[in-house]
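Let the hints inform the model, and build the full structure from the sequences given.
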Amino acid sequence: MNFSMSNEARQLIVDQFLAKRNPAFNCATEYSEEASNKAKMFALLADGESPLQAIERVASGQIKNIVQNSYWPMQEKLSTLYSLAKEPMIFLIEDFYVLDGAAKFEFSFNTQTYINRFIEDIFSDIGIDIGSSRAIPVRQTIEELVINAQHDAPVNSKAEPNSVGDSILIIEKSEKLLAVSVIDEYGTLSIHPFLKKIENSLRIGAGESINFGQGGAGLGGSLIYKNTDTLILSCKPDRKTRVTSVLPYNMNEDKLSYMQKSIFVLA
Amino acid sequence: MSKCKIKTITNNGMTEFLFSGSIDETLIIHFDLFSDTKDVVTLHLDEVIAINSTGIREWINLMTRLKSANIRLTKCPKVLVDQINMVKGFLPANAGVDSFYVPYFSEQSGTERKILFERNIQFTDKEVNFESTIVDEDGAVFEIDIIPDKYFKFIRS
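Going down the list, the sequences are from chains A and B.
Numbering-wise (this note's numbering), the first sequence opens with residue 1 and increments by one.
Numbering-wise (this note's numbering), the second sequence opens with residue 1 and increments by one.
Please keep in mind that the hints were generated in silico from the structure rather than gathered at the bench.
There may be inaccurate statements among the hints.
[What the hints assert, rightly or not] Simulated crosslink set (DSS-like; lysine-lysine; CA at most 30 angstroms straight-line):
id: 1; chain 1: A; residue 1: K255; chain 2: B; residue 2: K5
id: 2; chain 1: A; residue 1: K173; chain 2: B; residue 2: K3
id: 3; chain 1: A; residue 1: K173; chain 2: B; residue 2: K114
id: 4; chain 1: B; residue 1: K78; chain 2: B; residue 2: K5
id: 5; chain 1: A; residue 1: K86; chain 2: A; residue 2: K255
id: 6; chain 1: B; residue 1: K5; chain 2: A; residue 2: K196
id: 7; chain 1: A; residue 1: K176; chain 2: B; residue 2: K153
These numbers come from a predicted model, not from an experiment.
Put into structure tokens, the structure is as follows:
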């Protein structure tokens with residue numbers, strides 16, 4: 001299994017999208033500080049960047065989006081990103097779906113939802129065996145996204161608790177991929193600090209970062225990121241947050257180790 | 001309500017602890033069961049189904065609480081072995097694993113077997129002896145469903 005894509009192949013894809021002449025979609029296959037200073041790079045079509053390198057680039061604000069070929073193929077994810085480049089806030093709408101042709105499941109929850117039973121119901125509905133070892137990444141990802149919306153999001157919210165509606169969990173399931181999205185109505189996610197915590201956790205080790213105190217150590221985010229092919233984040237402050245993890249499922253660890261990470265920040 | 005249940009059992013006069021359910025922030029409710037000791041503290045873990053980020057933090061706090069004990073972990077499920085390998089402090093210097101599960105998968109039947117590896121049988125302090133494939137009573141072939149260098153890292157390090 002090899003997702004490596006040559007510079008020429010990536011440039012062909014870039015050219016296809018640049019031909020659509022959308023000034024908001026400034027993408028390239030190589031990062032250049034000079035070019036980035038003139039017009040912030042919207043997307044870097046990279047190859048061979050490690051999970052740490054990929055998140056470093058986006059967490060620092062060097063680029064907005066990094067796109068690498070993986071289980072979610074580059075062409076398809078770039079199409080999704082292109083549609084979002086025109087209207088980024090459309091991502092916050094629950095009717096926006098990430099995977100073409102996937103089966104869709106929607107669940108609502110709030111701060112009082114009993115998470116274990118909630119997750120058991122989800123797995124039953126989507127038809128994945130919750131007890132299998134191969135389901136661990138999916139369970140972890142769902143649980144950590146829900147925890148973020150249940151516990152972390154409300155902490156910094158200015159809203160009165162009973163004025164905020166239920167959060168929504170959406171699962172899109174295609175033959176090989178899941179897109180797990182959580183949308184909350186708190187709008188308290190600080191995206192770059194969130195990514196920075198994950199970066200720190202990767203850099204110094206999850207155990208060392210665990211005592212970084214209030215707001216979490218990035219451990220939950222690290223678990224999500226570890227399992228994820230593509231992470232998509234957007235936040236309208238004090239209104240809404242949506243985080244989507246696209247990840248393969250029912251796959252052995254050897255195959256998962258070939259995953260190249262992509263991150264989209266739509267804010 | 002705690003999602004993690006801990007039952008105490010007595011074995012040869014020693015108190016041992018049987019964990020079940022999902023390890024999360026509510027693990028802290030059970031801390032009164034544990035006080036630091038120089039004795040052996042055995043944790044049976046095969047009924048643990050999940051651990052989340054808040055559970056990892058409380059587990060490490062529990063390990064700190066037992067800093068003088070000789071902690072033995074038995075029947076560790078994969079979800080905990082993954083954390084042992086990934087999170088520093090999850091298995092501190094005063095703790096050891098006496099048995100753990102290794103998943104094997106059959107692509108033909110789409111089913112899984114979880115094989116128990118035991119200390120001094122399949123592994124010692126320094127090495128692991130494992131079969132890459134096993135065959136069940138019906139002749140179905142199951143392949144080891146982990147990356148050995150990564151999964152067995154805690155043994156070899």
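Evaluation of the provided hints:
{"no.": "1", "hint": "K255(A) - K5(B)", "result": "violated (34 angstroms)"}
{"no.": "2", "hint": "K173(A) - K3(B)", "result": "holds (28 angstroms)"}
{"no.": "3", "hint": "K173(A) - K114(B)", "result": "holds (27 angstroms)"}
{"no.": "4", "hint": "K78(B) - K5(B)", "result": "holds (19 angstroms)"}
{"no.": "5", "hint": "K86(A) - K255(A)", "result": "violated (34 angstroms)"}
{"no.": "6", "hint": "K5(B) - K196(A)", "result": "violated (34 angstroms)"}
{"no.": "7", "hint": "K176(A) - K153(B)", "result": "holds (29 angstroms)"}
Violation of the numbered hints given earlier is confined to hints 1, 5, 6; the remaining hints are satisfied by the structure.
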